[in-house]
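Novice: Please put together the full structure from these sequences, using the hints given.
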Amino acid sequence: MSTQLRTTRRGLAVVAALALVLTACGLGGEPNELSVLEWSGYEQPDFWTDFASANPETEVSFEFGISDADILTQMEGNSTADIFHFYTGWQQFYVDEGLVQEIDTSKLTNWDKVPDSFKQLGQINGKQYYVPWDWGFTSIMYNPDEVPEVTSWDALFDEQYAGHISMWNDGPAAVTVSAYVHDYDETAITDEQLASIEQEWIAQKPLNKFYWSGEYVELCPNNGPLDPDIWIAYAWQGCYATTLAAGQPVAYADPVEGRNSWVGLYGISADSDSPELALEFLDAKLANLTCSNAMTLFYYGCVNQEVMDAVEDPILREAFALDDPSILERTNFTPLVTQEQRDAWTQMWSEVQAE
Amino acid sequence: MLGRRGALAYLAVPPYVWLVLLFLLPLLMMVAVSLQPASGRIDFTSGWPSTSQYQQIADTPVYLRQLGLSAAIALGVAISAVVLAFPLAYFLAFRARQRATVFLILLLLPFATSFLLRVMAWKLMLGHDGAINWLLTSVGLVDEPTTLLIYSRSAVIITLVYVWIPFAALPIYAALQRIDRSHLEAAADLGAGPWTRFFRVTVPLSLPGVLAALFMVFIPTVGEYVTPVLVGGPQGVMYGQLVQDFFTRAGNWPLGSALAVVMLATTVALVALASRLIDVRRLA
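As given, the protein sequences belong to chains A and B, one line each in that order. So the first sequence is numbered by my numbering: it starts at -15 and just counts up by one. So the second sequence is numbered by my numbering: it starts at 31 and just counts up by one.
Hints listed in this document are in silico derivations from the structure and should not be mistaken for laboratory results. On a predicted model such as this, the values are computed, not experimentally measured, just so you know. Beta carbons are placed, not taken as given, at the ideal position from N, Cα and C, and that holds for glycine. Incorrect hints may appear among the rest.
Covered stretches of chain B (in silico footprint by chain A; criterion: 3 or more residues with CB under 8 Å from a CB of chain A, positions within the stretch not fixed) [stated by the list, open to error]:
#: 1; stretch: 46 to 53
#: 2; stretch: 92 to 106
#: 3; stretch: 189 to 198
Computed far set for chain B versus chain A, every beta-carbon distance over 12 Å [unchecked claim]:
#: 4; residue: SER76
#: 5; residue: THR177
#: 6; residue: SER184
#: 7; residue: LEU289
#: 8; residue: LEU307
Specialist: In structure tokens, the structure reads:
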């Protein structure tokens, strides 16, 4: 055998050995890709900055949903997301369909910063399936220069403000408002009640300047103040905060029926290839800087109590009623409802729209 | 060895495969989903096929009323767009001469931007602080910006007409270009004046293009979704929004599919009826 041939064989053997070692490292190493099914806007780096800092090698990709129903449909379908983000009222469906895995909260270093009331929203049948994250209020936002103090959700039906009202384009939200106004049990709306709610919203329809679909699209365009044509609106606190920040006259009602509150929850897909990394991502979402960014940059509440307690900005304190210790006791959190109820409510709303 | 016809048949295979895979198959899937018995998860194992979604539509007259309204809006938009596009096409075909290419490019320029952007531009034009309100207040016609311009059915119609005019002008332009100029000369020799030539020769000979433009605008407008969402408001809702809402906001694909199938069938029926009444083949 020639020296040249031996050298070539040795070279090939070294290359093969190196390839084996590298492959083994690759197979046994930490996964470095994570996919998140999110809402548009939440992919901004400020919303997951702690994770990015701690995992600079991890590639985080985002898929997008445009509604809670859309996100559920994507999870039922072909979504490959490791993590998904949705809002209160939809927790049960993912568990019932085996789409979500239980969360080991002992691995969450920031879990103790989350109040129990928020933790409980992520529990189904006594198990923690979800990590709560963003939250906020829903109430009536109004222009106090045009409208006297609003004390009830029925302000949305006040005919004297026709053409200056804006309701959210959402069936379940409409049912919730009617349930508050008429003191119905939101979780047990009867067919008769639903028929009456439908008529109520058909009558309300001409009062709206527009139904809004995106808080910062129609109601407070471009993260600015409330549309000047709107005097009374079903609104989240973010729009209230941006209007306050713009120095425009605005008030956020504390209705006798109570405000509504929504909470965003993250779940880890049952089919996730990277559950540990996903857990790390969720833990980092609860970290102080990421939570603080959500509040200061986007006017969204965050469940990290340390961050909430540290807020000094008067606009944020007002938007989240942080100086009112009993506000959450007077607030209605979105309850769980069945798929059949949701279908009936959304169909009711489509009929209101079509009328 | 393949003959000429055989070679042509092979050439037709890719477009047919394309049509079957990306048009016919999705359409059949939508029909299949619309035959689901329940509105929840899609399940072909029990109770399928079922007409329950169609029954639901039949039991909810407001859906069909909305479809009728949307068809009426689409017809109004199609007629308006064609009427406004005709002078443009006429100018291009008969008056622009050497500059026709330049004007044609100008006509097609709006297509360089997305449909969504063009509609958004109208939202800015019609809005509270928009260009039209600025003009009205500047010339003193109104004291403060009017709220009547946007979020109405008329805003939807105005925007859609604007969007479709260049689209409608193209088939009319093509039809006008095909007119044999000797017909017009013969009419003139026989004593017909300009208006008579226009109404008795030009218009009849351009009808295939006019009808093509009408159909090209009417068919997509029936199911229009983006424009009413952006500028329609509560009074400017169109049928396409209902379909979209059932797919995205409600997650009720079976009912959304059934509504879409009903819309498709209605549109095809209306176009077929119009074609039969007008006798398109005779015009061509």
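Novice: Go through the numbered hints given earlier and state which of them the structure violates, listing their numbers in rising order.
Specialist: 1, 3, 5, 7
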